[in-house]
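**Q** Chains as they are written, first to last, in numbering that gives the first Met the number 0: chain A, 0 to 264; chain B, 0 to 280.
No lab work stands behind these hints, which were simulated from the structure alone.
Hints should not be assumed to be uniformly reliable.
[Stated by the list, open to error] Calculated cross-link-like contacts (lysine-lysine; reagent style DSS-like; alpha-carbon spacing at most 25 Å):
(1) 122/B - 7/A
(2) 72/A - 132/A
(3) 142/B - 9/A
(4) 225/A - 122/B
(5) 65/A - 23/A
(6) 122/B - 8/A
(7) 161/A - 142/B
(8) 132/B - 193/B
(9) 122/B - 228/A
(10) 142/B - 132/A
(11) 228/A - 8/A
(12) 205/B - 226/B
(13) 8/B - 61/B
(14) 161/A - 65/A
(15) 7/A - 142/B
(16) 225/A - 73/B
(17) 23/A - 9/A
(18) 61/B - 151/A
If you're wondering where the values come from, they're calculated on a predicted model, not measured in any experiment.
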Amino acid sequence: MYREQLMKKKKNKIAGLYPMCKLKMLGMYVILIILANIVQIKELPLLLIPLSLCIPLIFVLSGQPKDYLSFIKMVSYFVCFVFIVQALLIKGNDPVLIWQWKFLHIYRGGLDKGLTLAFNILNFAGIFYWLFKTSGYQEISAAMEQSGLNHKAAYIFLSTFKMIDVMRMNVYTIMDAQRARGVETEGNVFVRAKAFIPIMIPLVVNAMLEVGERALTLESKAFSVKCEKTIMIPATHNGYEKIALTISALIVLCAIGGYVLWLTR
Amino acid sequence: MADKIIELKNVTYTYPLASRPALKDISLSLEEGKLYGIIGGNGSGKTTLCITICGFATKFEKGSLDGSVLIKGKDVEDYEEGEVSRMMGYVLQNPFSQISGVRETVLEEIAYGLENLGVAPEKMEERVINIAKKTDIEELLLKNPYELSGGQQQRVALASVLVLEPEILIIDEPTSQLDPEGTESIFKIIRTLKEEGKTVLLVEHKIDLLAEYADEIIVLENGCHIKSGPTHEVLIQRELEEHGIQLPQISVIFDELKKRGKDYGAIPVTCEEALKLLKNA
Numbered sequence: 000m001y002r003e004q005l006m007k008k009k010k011n012k013i014a015g016l017y018p019m020c021k022l023k024m025l026g027m028y029v030i031l032i033i034l035a036n037i038v039q040i041k042e043l044p045l046l047l048i049p050l051s052l053c054i055p056l057i058f059v060l061s062g063q064p065k066d067y068l069s070f071i072k073m074v075s076y077f078v079c080f081v082f083i084v085q086a087l088l089i090k091g092n093d094p095v096l097i098w099q100w101k102f103l104h105i106y107r108g109g110l111d112k113g114l115t116l117a118f119n120i121l122n123f124a125g126i127f128y129w130l131f132k133t134s135g136y137q138e139i140s141a142a143m144e145q146s147g148l149n150h151k152a153a154y155i156f157l158s159t160f161k162m163i164d165v166m167r168m169n170v171y172t173i174m175d176a177q178r179a180r181g182v183e184t185e186g187n188v189f190v191r192a193k194a195f196i197p198i199m200i201p202l203v204v205n206a207m208l209e210v211g212e213r214a215l216t217l218e219s220k221a222f223s224v225k226c227e228k229t230i231m232i233p234a235t236h237n238g239y240e241k242i243a244l245t246i247s248a249l250i251v252l253c254a255i256g257g258y259v260l261w262l263t264r
Numbered sequence: 000m001a002d003k004i005i006e007l008k009n010v011t012y013t014y015p016l017a018s019r020p021a022l023k024d025i026s027l028s029l030e031e032g033k034l035y036g037i038i039g040g041n042g043s044g045k046t047t048l049c050i051t052i053c054g055f056a057t058k059f060e061k062g063s064l065d066g067s068v069l070i071k072g073k074d075v076e077d078y079e080e081g082e083v084s085r086m087m088g089y090v091l092q093n094p095f096s097q098i099s100g101v102r103e104t105v106l107e108e109i110a111y112g113l114e115n116l117g118v119a120p121e122k123m124e125e126r127v128i129n130i131a132k133k134t135d136i137e138e139l140l141l142k143n144p145y146e147l148s149g150g151q152q153q154r155v156a157l158a159s160v161l162v163l164e165p166e167i168l169i170i171d172e173p174t175s176q177l178d179p180e181g182t183e184s185i186f187k188i189i190r191t192l193k194e195e196g197k198t199v200l201l202v203e204h205k206i207d208l209l210a211e212y213a214d215e216i217i218v219l220e221n222g223c224h225i226k227s228g229p230t231h232e233v234l235i236q237r238e239l240e241e242h243g244i245q246l247p248q249i250s251v252i253f254d255e256l257k258k259r260g261k262d263y264g265a266i267p268v269t270c271e272e273a274l275k276l277l278k279n280a
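Isolated chain B (complex conformation) (with noise of 0.2 Å):
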């Protein structure tokens, strides 16, 4: 069994004014190398689980935290200034705020955090480029970031936060205004990532791509985690549905093909699983 390196220890957290809590008693534990996809809807607490982890909810937004968020079995908040963003990378939702305002090409934007930890400057290029290439954003090396489209501002956070070459890697809805190609290509980078081991935390609305691509599913509901396991067990429970969860269209299908007597065996949530059993019958 791999390592844990996140673990969430009864956590709650109430934002500042808040009459309620964004989080509500969540207990978790991430193990090393996995790929966890972060379900539910709008309002769910996903970003605030994000930033909970990043320790970042109670450094910036100020809010009042119960339990414990453990990164390598270490209080995040016992963490010395800087230290965790050296292991932990966080790509935010709104890709425009991402970009750090300071630095006049895509060059320098992604070389930012890079200036920030001390590298040479020519080993700086030389990570940037690779980086710009993993990301298929090289031809915009040269241009003022403010200037691209949404999407590729995307790739450009991403890439930026990818070049720090952290173990962790939280990204929140890497793909909100990237169209179905710019999308697949970003799945294509997070499963490059997962086979380099690195841990991977990925908020995304598009549970097709989830099926393929996470090994677990966590579900959340109004600050409360609800569900969480092998993302096959999890991505088959139709009882998700009520809770406003969108579930694999190929899963649906298969389930109400058995409901009509028509059984395959097992209920697929990637069209790939589907092909097999197809084959099979």
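So here's chain A without its partners, still in its complex pose (with noise of 0.2 Å):
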């Protein structure tokens, strides 16, 4: 019965889709960025533009739509950075003035690395933030059991990713402990990076003395058995996998198409 209740089924057709056809799925749409960084318009990548308009249309048609606008709230500082900085400081090897205010100056250089930078992490982050926001590691960890991954390379795979969960968990323990010791670990900048090292150091030293304990949890767990492994929770198909697979292999399709057209012009 508990099995059954975390086996439920997502409601929506795409974000229920098995991880590793959602995987395929991103794969595909790294092509679509590789394409879109290779076609020039006007010796800019302006494919890259449009092409990072299908990541909110995605989480859109998921279900999802406040996990991208928290993702955009996540990355846009860092991408509006990224340009800016770029944009400004690259003068390119044939300097050609696009734009320029006061000491401002915009080269086409700065601007196309400023560009290539800012939309492929929009574009890359985004895919993989709704592969992980359509599908939690253990799903995608226990597809890729079912595939044949080894349940070792398995393990280390899960345990990566939730290790960034279970050390955000212990910075708010360490950050207690020390707010009773007096450390101050609210304020300005300064103070905050004064509780830095206090809180840093018993984190890592932590993180390292559980290894050797986590071997031997591993160990009482039967993890180097050798016999055919089982999953309790295993990932499972909804029956639109070859669906959505065939329609982003067109989608892809026809973006090499225009590639080719693109070149013979």
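Reassemble the complex: the two chains are provided individually, in unrelated frames, and hints are given to aid placement.
**A** Here it is in structure tokens:
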């Protein structure tokens, strides 16, 4: 009865796709990003811009538009910073001035670099974020294991991602403990910077100490027993995988066709 | 006489880079189906003894081991990879470390060992629910193991080892984070295990509970095995106090009364024994 609850299928057909199918779709999206980088319009990778608009569309189709908003909130400052720095500082080998205002100049080379970096970050990070928001780490790992990945490799994959959450929880515990000892952890940038070392050292030391105990834990849970492993909550297909893959493949084929036409124009 | 299930012959173990051994020339013979309490002060070698018996001391800690550890007559080093963990369960002192870190619910966490043994998912669920009932954590099954309190994590840690149904259980301070009620319930589980014929090695500081539940006591000090024998026989020896071992309060009281001329004929180690003596007096 608990298994049934945990294996409950997602209502949305795209979000509920089998993780390996989503991985293949992600691979196809990467092909589109590569093509958009190669195809230059006015010597700029302008196709990356409309391509990055596909990310919110994918989130909306997956029924998780709020996740896209949180993604954009996370990356927008960084992306803008990268774009501005690249655009304003790089001249390129053959400088062609595009825009000027007082001491600020934007050359084609800089704009090219800025656009390439900023929109590649948006596209790559966006599609990976979509994968991890629509499929849990455990679900992806289960699907990979079901597809023949060694269980030790699956453990490494999963524990690496899970470690982030665990360390985040540990940070809060350590912060509470250090606050109790009188360490200021809240306030301006300087106060926070001062608290960095008393928080980071115990965090890293604890993590290192736990490695040994984790090995004992795994051994006591029969991790190294040589037999065919099973999964209590396996990743499941929702039946729309073929359709999703066919549509994705058609889009990629059209893009490749467009690229060939562009090459032979 | 019961069969010997674990034998230690002149075991000396030294951790890498350590200047002195953590275990010194330990020889022990443990019988099947008995509950052994391991006591000693901090740094006396209790945990090292546990991991040496499991074979983890050489496999993971990479220290040097002299002498031999025999499990069912076979050297622990000679067992194939993973074979020991099929018959021996080890519950760590720190319940936080006992969490695999790769499962999102207590249900899956407990089932992780069964997944590694290749048990069918339907059977897994049945076994997990049974063990959750036994360890009183059924209401936690759908919670994240990291969001539990220390005591709850300790129960989950115990459950995740018990579910594998090992013949031998090594439990390192299972009640360190539990309140008296929780402690009592863990000991009840341990008693059930003993009744099921499992061999249990229990490291525990709560001596009054060990006096009640353990068949035999092993006393360690500075890595040396200083005493062992039937619980009652060991726990009435006042000289153990010189080694930093706290004896059951009831035995200390009766011993003091004896010294003051009030002899009840024997020194009890449990309240039950004391009541019997008082009734008969």
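**Q** Against each hint, give a clear statement of whether it holds in the structure.
**A** Here is what the structure says about each hint:
no.: 1; hint: 122/B - 7/A; result: holds, 19 Å
no.: 2; hint: 72/A - 132/A; result: holds, 15 Å
no.: 3; hint: 142/B - 9/A; result: holds, 20 Å
no.: 4; hint: 225/A - 122/B; result: holds, 20 Å
no.: 5; hint: 65/A - 23/A; result: holds, 24 Å
no.: 6; hint: 122/B - 8/A; result: holds, 22 Å
no.: 7; hint: 161/A - 142/B; result: holds, 16 Å
no.: 8; hint: 132/B - 193/B; result: holds, 18 Å
no.: 9; hint: 122/B - 228/A; result: holds, 14 Å
no.: 10; hint: 142/B - 132/A; result: holds, 20 Å
no.: 11; hint: 228/A - 8/A; result: holds, 23 Å
no.: 12; hint: 205/B - 226/B; result: holds, 18 Å
no.: 13; hint: 8/B - 61/B; result: holds, 19 Å
no.: 14; hint: 161/A - 65/A; result: holds, 23 Å
no.: 15; hint: 7/A - 142/B; result: holds, 16 Å
no.: 16; hint: 225/A - 73/B; result: holds, 19 Å
no.: 17; hint: 23/A - 9/A; result: holds, 19 Å
no.: 18; hint: 61/B - 151/A; result: holds, 21 Å
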